[in-house]
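K.L.:
Could you build the full structure based on these sequences and the hints that come with them?
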Amino acid sequence: MANLDSALKDAMTIDGAIGVALVDYTSGMTLGVAGGTPEIDLTVAAAGNTDVVRAKMRTIEMLKLNDDIEDMLITLGGQYHIIRPLTGSNGKGLFLYLMLSKSRSNLALARHQLRAIEEQLEL
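Heads up: the sequence shown is residues 1 to 123, going by my numbering.
Check before you lean on any hint, since a few could be wrong.
[Claimed, not checked] Mimicking DSS-like on lysine-lysine, the simulated pairs with C-alpha atoms at most 27 Å apart in a straight line are:
#: 1; residue 1: 102; residue 2: 56
#: 2; residue 1: 92; residue 2: 56
#: 3; residue 1: 64; residue 2: 92
#: 4; residue 1: 9; residue 2: 102
#: 5; residue 1: 92; residue 2: 9
[Unchecked claim] Label-pair ranges, simulated between beta-carbon atoms:
#: 6; residue 1: 77; residue 2: 41; range: 12 to 22 Å
#: 7; residue 1: 5; residue 2: 63; range: 17 to 27 Å
#: 8; residue 1: 68; residue 2: 120; range: 31 to 41 Å
#: 9; residue 1: 5; residue 2: 66; range: 27 to 37 Å
#: 10; residue 1: 38; residue 2: 66; range: 41 to 51 Å
Simulated from the structure, these hints should not be mistaken for laboratory data.
Quick reminder that beta carbons are idealized off the backbone N, C-alpha and C, glycines included.
P.N.:
What follows is the structure, given as C-alpha coordinates:
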(Lines of atoms letter the chains of each structure in order from A and count residues from 1; the text may use other names and numbers.)
(Lines give C-alpha, C1' and ligand atoms only; values in the text may rest on other atoms or scores of the structure.)
Protein backbone atom coordinates (compact mmCIF):
# COMPACT_ATOMS: atom_id res chain seq x y z
CA MET A 1 0.00 0.00 0.00
CA ALA A 2 1.22 3.48 -0.89
CA ASN A 3 0.80 6.65 1.11
CA LEU A 4 -0.19 9.92 -0.55
CA ASP A 5 3.34 11.24 -1.15
CA SER A 6 4.58 8.04 -2.78
CA ALA A 7 1.38 7.74 -4.86
CA LEU A 8 1.86 11.29 -6.19
CA LYS A 9 5.53 10.57 -6.93
CA ASP A 10 4.54 7.36 -8.74
CA ALA A 11 2.01 9.29 -10.82
CA MET A 12 4.74 11.73 -11.85
CA THR A 13 6.70 8.81 -13.35
CA ILE A 14 3.92 8.20 -15.89
CA ASP A 15 5.24 9.17 -19.34
CA GLY A 16 4.23 12.73 -20.16
CA ALA A 17 3.08 13.62 -16.63
CA ILE A 18 2.95 17.37 -16.04
CA GLY A 19 1.32 17.32 -12.63
CA VAL A 20 -0.96 15.37 -10.35
CA ALA A 21 -3.22 16.23 -7.43
CA LEU A 22 -5.49 14.50 -4.94
CA VAL A 23 -8.65 16.55 -4.57
CA ASP A 24 -11.72 16.52 -2.32
CA TYR A 25 -14.60 17.17 -4.73
CA THR A 26 -17.06 18.06 -2.00
CA SER A 27 -14.98 21.05 -0.84
CA GLY A 28 -12.64 21.68 -3.78
CA MET A 29 -9.64 21.41 -1.45
CA THR A 30 -6.42 19.95 -2.83
CA LEU A 31 -4.96 17.43 -0.38
CA GLY A 32 -1.68 16.85 -2.21
CA VAL A 33 0.10 18.05 -5.34
CA ALA A 34 3.19 17.02 -7.32
CA GLY A 35 4.63 18.59 -10.44
CA GLY A 36 3.03 21.43 -12.33
CA THR A 37 4.49 24.33 -14.28
CA PRO A 38 4.94 28.04 -13.60
CA GLU A 39 2.12 28.73 -16.07
CA ILE A 40 -0.33 26.23 -14.57
CA ASP A 41 -1.46 26.48 -10.95
CA LEU A 42 -2.37 22.86 -10.29
CA THR A 43 -4.34 23.76 -7.17
CA VAL A 44 -6.60 26.09 -9.16
CA ALA A 45 -6.96 23.56 -12.02
CA ALA A 46 -7.78 20.73 -9.62
CA ALA A 47 -10.31 22.80 -7.68
CA GLY A 48 -11.97 23.87 -10.94
CA ASN A 49 -12.45 20.25 -11.91
CA THR A 50 -14.53 19.59 -8.81
CA ASP A 51 -17.41 21.20 -10.71
CA VAL A 52 -16.94 18.69 -13.53
CA VAL A 53 -16.99 15.75 -11.11
CA ARG A 54 -19.98 17.07 -9.17
CA ALA A 55 -21.95 17.68 -12.37
CA LYS A 56 -21.34 14.14 -13.63
CA MET A 57 -22.21 12.64 -10.24
CA ARG A 58 -25.50 14.60 -10.25
CA THR A 59 -26.26 13.46 -13.79
CA ILE A 60 -25.67 9.81 -12.90
CA GLU A 61 -27.96 10.24 -9.89
CA MET A 62 -30.71 12.00 -11.89
CA LEU A 63 -30.63 9.26 -14.52
CA LYS A 64 -30.79 6.67 -11.74
CA LEU A 65 -27.85 4.82 -13.25
CA ASN A 66 -26.52 2.02 -11.10
CA ASP A 67 -22.93 2.75 -12.05
CA ASP A 68 -19.80 4.63 -11.00
CA ILE A 69 -17.32 6.84 -12.82
CA GLU A 70 -14.15 4.93 -13.64
CA ASP A 71 -12.37 7.98 -14.98
CA MET A 72 -13.05 11.11 -17.01
CA LEU A 73 -10.92 12.43 -19.85
CA ILE A 74 -10.59 16.03 -20.94
CA THR A 75 -8.64 16.42 -24.16
CA LEU A 76 -7.04 19.78 -24.88
CA GLY A 77 -4.91 20.76 -27.86
CA GLY A 78 -1.66 19.77 -26.17
CA GLN A 79 -2.73 17.97 -22.99
CA TYR A 80 -4.83 15.19 -21.57
CA HIS A 81 -6.45 15.69 -18.17
CA ILE A 82 -7.56 12.49 -16.43
CA ILE A 83 -9.91 12.62 -13.45
CA ARG A 84 -10.16 9.38 -11.49
CA PRO A 85 -12.54 9.24 -8.49
CA LEU A 86 -11.21 7.00 -5.70
CA THR A 87 -13.25 3.87 -5.11
CA GLY A 88 -12.03 2.70 -1.70
CA SER A 89 -13.97 3.47 1.47
CA ASN A 90 -11.24 5.85 2.65
CA GLY A 91 -11.28 7.69 -0.66
CA LYS A 92 -14.98 8.55 -0.77
CA GLY A 93 -15.36 12.07 -2.15
CA LEU A 94 -11.79 12.24 -3.50
CA PHE A 95 -10.32 12.10 -6.99
CA LEU A 96 -6.90 11.93 -8.59
CA TYR A 97 -6.30 14.59 -11.22
CA LEU A 98 -3.48 13.91 -13.70
CA MET A 99 -2.27 16.33 -16.37
CA LEU A 100 -0.33 14.80 -19.28
CA SER A 101 1.51 16.18 -22.26
CA LYS A 102 -0.35 14.85 -25.28
CA SER A 103 2.82 14.50 -27.37
CA ARG A 104 4.80 12.60 -24.71
CA SER A 105 2.19 10.26 -23.28
CA ASN A 106 0.38 7.04 -24.10
CA LEU A 107 -3.19 7.61 -22.95
CA ALA A 108 -4.13 3.94 -22.54
CA LEU A 109 -0.99 3.19 -20.55
CA ALA A 110 -1.43 6.31 -18.42
CA ARG A 111 -5.00 5.31 -17.53
CA HIS A 112 -3.80 1.83 -16.62
CA GLN A 113 -0.97 3.17 -14.45
CA LEU A 114 -3.22 5.71 -12.71
CA ARG A 115 -5.72 2.94 -11.91
CA ALA A 116 -2.92 0.85 -10.36
CA ILE A 117 -1.77 3.84 -8.28
CA GLU A 118 -5.34 4.46 -7.11
CA GLU A 119 -5.73 0.81 -6.10
CA GLN A 120 -2.54 0.95 -3.99
CA LEU A 121 -3.29 4.32 -2.37
CA GLU A 122 -3.92 4.11 1.37
CA LEU A 123 -5.26 7.20 3.12
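K.L.:
Could you grab the alpha-carbon distance between residue 9 and residue 102 and see if it respects the 27 Å cut-off?
P.N.:
It holds: about 20 Å lies between the C-alpha atoms, which stays within 27 Å.
K.L.:
Has the given pair, residue 102 with residue 56, been kept, meaning a C-alpha gap of at most 27 Å?
P.N.:
Holds - the C-alpha atoms of residue 56 and residue 102 are around 24 Å apart, at most 27 Å.
K.L.:
Between residue 77 and residue 41, does the C-beta distance stay in 12 to 22 Å?
P.N.:
Check passed, 19 Å falls within 12 to 22 Å.
K.L.:
For the range 27 to 37 Å, tell me whether the beta carbons of residue 5 and residue 66 fit it or not.
P.N.:
With a Cβ separation near 35 Å, residue 5 and residue 66 satisfy 27 to 37 Å, so the hint holds.
K.L.:
Would the hint linking residue 64 and residue 92 be met if the CA-CA limit is 27 Å?
P.N.:
At roughly 19 Å apart (the allowed maximum being 27 Å), residue 92 and residue 64 satisfy the hint.
K.L.:
Do the alpha carbons of residue 92 and residue 9 lie within 27 Å of each other, as the hint requires?
P.N.:
holds (22 Å)
K.L.:
Given the hint that residue 92 pairs with residue 56, test it: the Cα-Cα distance must not exceed 27 Å.
P.N.:
holds (15 Å)
K.L.:
The hint says 31 to 41 Å between residue 68 and residue 120; measuring C-beta to C-beta, is that right?
P.N.:
This hint is violated: roughly 19 Å between Cβ atoms.
K.L.:
May I ask you to test the hint 17 to 27 Å on the CB atoms belonging to residue 5 and residue 63?
P.N.:
For residue 63 against residue 5, whose Cβ atoms are near 37 Å apart, the range 17 to 27 Å is violated.
K.L.:
Given the hint of 41 to 51 Å, check if residue 38 and residue 66 actually sit that far apart at their C-beta atoms.
P.N.:
Distance hint for residue 38, residue 66 holds at roughly 44 Å.
Checked against the numbered hints given earlier, this structure breaks hints 7 and 8; the rest are met.
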